[in-house]
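Residue strings, one per chain:
2 protein chains.
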Amino acid sequence: MSTASAPDLLAAPVEDLLALTAALVAVPSVSRHEGELADGVERRLAERAPQLTRARVGNTVIARTDLGSERRVVLGGHLDTVPANGNEVPRLDGDVLHGLGSADMKGGLAVLLRLAEEISAGRRPRFDCTLAFYEGEEIADEFNGLRHVFADRPELLAGDFAVLLEPTGGHVEAGCQGTLHIRAQFDGDRAHSARPWMGSNAIHAAADVLGRLAAHQASTVMIDGLPYRQSLEVVRIEGGVANNVVPDKCTLVVNRRFAPSHSVDDARAEVEALLEGADRVEVVSASPAAPPNLNDPLVAEFVRTLDVDVEPKLGWTDVARFAARGVPAVNFGPGEPNVAHTAGEHVTRESIEQCYAALARFLGMTG
Amino acid sequence: MSTASAPDLLAAPVEDLLALTAALVAVPSVSRHEGELADGVERRLAERAPQLTRARVGNTVIARTDLGSERRVVLGGHLDTVPANGNEVPRLDGDVLHGLGSADMKGGLAVLLRLAEEISAGRRPRFDCTLAFYEGEEIADEFNGLRHVFADRPELLAGDFAVLLEPTGGHVEAGCQGTLHIRAQFDGDRAHSARPWMGSNAIHAAADVLGRLAAHQASTVMIDGLPYRQSLEVVRIEGGVANNVVPDKCTLVVNRRFAPSHSVDDARAEVEALLEGADRVEVVSASPAAPPNLNDPLVAEFVRTLDVDVEPKLGWTDVARFAARGVPAVNFGPGEPNVAHTAGEHVTRESIEQCYAALARFLGMTG
Chain A
1 MSTASAPDLL
11 AAPVEDLLAL
21 TAALVAVPSV
31 SRHEGELADG
41 VERRLAERAP
51 QLTRARVGNT
61 VIARTDLGSE
71 RRVVLGGHLD
81 TVPANGNEVP
91 RLDGDVLHGL
101 GSADMKGGLA
111 VLLRLAEEIS
121 AGRRPRFDCT
131 LAFYEGEEIA
141 DEFNGLRHVF
151 ADRPELLAGD
161 FAVLLEPTGG
171 HVEAGCQGTL
181 HIRAQFDGDR
191 AHSARPWMGS
201 NAIHAAADVL
211 GRLAAHQAST
221 VMIDGLPYRQ
231 SLEVVRIEGG
241 VANNVVPDKC
251 TLVVNRRFAP
261 SHSVDDARAE
271 VEALLEGADR
281 VEVVSASPAA
291 PPNLNDPLVA
301 EFVRTLDVDV
311 EPKLGWTDVA
321 RFAARGVPAV
331 NFGPGEPNVA
341 HTAGEHVTRE
351 SIEQCYAALA
361 RFLGMTG
Chain B
368 MSTASAPDLL
378 AAPVEDLLAL
388 TAALVAVPSV
398 SRHEGELADG
408 VERRLAERAP
418 QLTRARVGNT
428 VIARTDLGSE
438 RRVVLGGHLD
448 TVPANGNEVP
458 RLDGDVLHGL
468 GSADMKGGLA
478 VLLRLAEEIS
488 AGRRPRFDCT
498 LAFYEGEEIA
508 DEFNGLRHVF
518 ADRPELLAGD
528 FAVLLEPTGG
538 HVEAGCQGTL
548 HIRAQFDGDR
558 AHSARPWMGS
568 NAIHAAADVL
578 GRLAAHQAST
588 VMIDGLPYRQ
598 SLEVVRIEGG
608 VANNVVPDKC
618 TLVVNRRFAP
628 SHSVDDARAE
638 VEALLEGADR
648 VEVVSASPAA
658 PPNLNDPLVA
668 EFVRTLDVDV
678 EPKLGWTDVA
688 RFAARGVPAV
698 NFGPGEPNVA
708 HTAGEHVTRE
718 SIEQCYAALA
728 RFLGMTG
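So the sequence lines, in the order shown, correspond to chains A and B.
In this text, residue positions in the first sequence follow the numbering used here: the first is 1, and each later residue adds one.
In this text, residue positions in the second sequence follow the numbering used here: the first is 368, and each later residue adds one.
Extracted from the complex, chain A is given alone in its bound form (with noise of 0.2 angstroms):
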């Protein structure tokens, strides 16, 4: 299957997931491109789905039921994808389709569509639910669609559990690690190095943080008996004027990756007492943990009626999102994680069915 023969948007065939993945996968959504898609996905909705509520804000396009059910489930799929690596021609081979964005996570909003259609047809869940294709997941904080409905119109997103349909490898993944990033400086004073005693060198002033920092055992902590292993990194160092001046100044940069039992603050408090000598201490990001809440009622009958594994999410996502919001979620979603952001890139017919069906079982969509 090439571009051309894949099916339009428009007219690809609810029923067939895997043509209707590569119909999302042949309209290009590389970050900060993503009108086209969010385009067909709005028409595809008002023409199949006309049942439940539209709505856009930027190139994010939420569609909602509102049949007065006392629970609300949010449904969430980003359209963008990572810049092309070879790889942005659809491709079928049997029941694997291969291209750009095919595991992250065109499957997922094919789910998100088929859900979307099949309500809209009569299929009634027992829950309301929203269904939202975002923007802007895959580049910097500031470009992402959920952050910007949160901000401008929070009732969109409204809602007591929600599910996020990236690619987990058919496990659920539970809360996620908070991460911090914090960068510390050490001050010197420049001197010729023939004569450094005329100075004093930033850079060896650095040495002592730095064996602390690789030193130091980051520690693993059971939540609701998922293992979230912590992680301290220093990501970058630099400094140096040249060859011959004994450096004035020596910055790094350290990543904490910290489980959800600490807040922001528990973990800038650990970082900054490891940074204990510099001159400067700085937070450059800072995103908060999500808890699993696997005892909450709604995880805990989603989980329970999946019947899969779960797993604690280490890398920060959206769930963090709705977890600072009171309202708990997970990742769960078609394709394997390991493929993603990779030249080769694809996802299985299985994996998108048993998505579907499995969130279509537990939103208990009956006819």
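Hints listed in this document are in silico derivations from the structure and should not be mistaken for laboratory results.
The structure presented is a predicted model; accordingly, all values stated were derived computationally and were not measured.
Check the hints yourself; a few may be wrong.
[To be verified] These stretches of chain B come out as covered by chain A in the derived footprint (C-beta under 8 angstroms, 3 or more residues):
id, region
1, 541-551
2, 554-564
3, 602-613
4, 677-685
Glycine included, each C-beta is placed from N, C-alpha and C at the ideal position.
Since the structure of chain A is already known, use the hints to place chain B on it.
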């Protein structure tokens, strides 16, 4: 005095060393642009020191006596300056000349011109003399005029003793320390910083070595009664890919300054021992030290005749180029070293006249 009122280099009276220095400062000669000044010096020597043999190699001008003396003294000064710093117009304030190159080292060039002209006029020295006006001292070694002459026409620089007229503040600076730059690289494996155990952190791998380097106490070596205070400085460090990636490479550059008691190989072995644990080690540059040679008969006589303080030279200078060829050499010239390369560079009449008088006395110039 403005540029316009500085005497022309060909017309400047040799008796007024400060005016002659001003004439030299008035001809711009930033490194790699020494042509006009080399032309002026060459013409002045042709007109005013016709008894000396002249040679030119690039923009290096060499004038030599051929008196049949058993011993020959080489006296050298570089033509080039560092880039201007708002100080390119010479300015005379009483007996102080301000301006780019006044101290480093056109005061010394004026002394060399006067020596050439007095000798040519019949004030016979007790040694044969070689006067070298050379290009490219302030920049990378590949441009150094002495280096080129030693490589292409070494007979022009043959001698038994050399004096470089760099600014020394009235002291003799003996020998010089060697300098060695070594780059060390530490390797790792990239991984997402949320799962650092999937890779290995190259910056962390550098921590032990950096700690060892920072803790190292460089010793002071006494040679001929002079204290050569050595040093070992990390002058650069660099590592990092992105803020969410475990870095796979970290490099640092060490600058070792070593006393004349040590060969380049000695210094390299010392540094490499401290770098134990690096994945790759590479010599970036190496220049040998020069011994003070205070017991050499000519050096001893020079120091005794001048009756000034002798200090060890800690920075590398061209004296090492002579020492490497078995020729003892010292730095001795007008001006203060600590004003070199500054916007406030200046030189006094007294320091230039004292330098000339001291050298004429050592050379035993009669008449």
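Here is how each hint holds up against the structure:
Only when three residues or more bring their CB closer than 8 angstroms to a CB of chain A does the claim for the region 541-551 of chain B stand; here the count is 3, and the claim holds. Chain A is given as covering the region 554-564 of chain B, and this holds because 6 residues of the stretch bring a CB closer than 8 angstroms to a CB of that chain, at least three being needed. Given a C-beta distance limit of less than 8 angstroms, the hint that chain A covers the region 602-613 of chain B holds, as 12 residues qualify and 3 suffice. Counting residues of the region 677-685 of chain B whose C-beta sits closer than 8 angstroms to any C-beta of chain A gives 3, which meets the bar of three, so the coverage hint holds.
Checked against the numbered hints listed earlier, the structure breaks none of them; every hint is satisfied.
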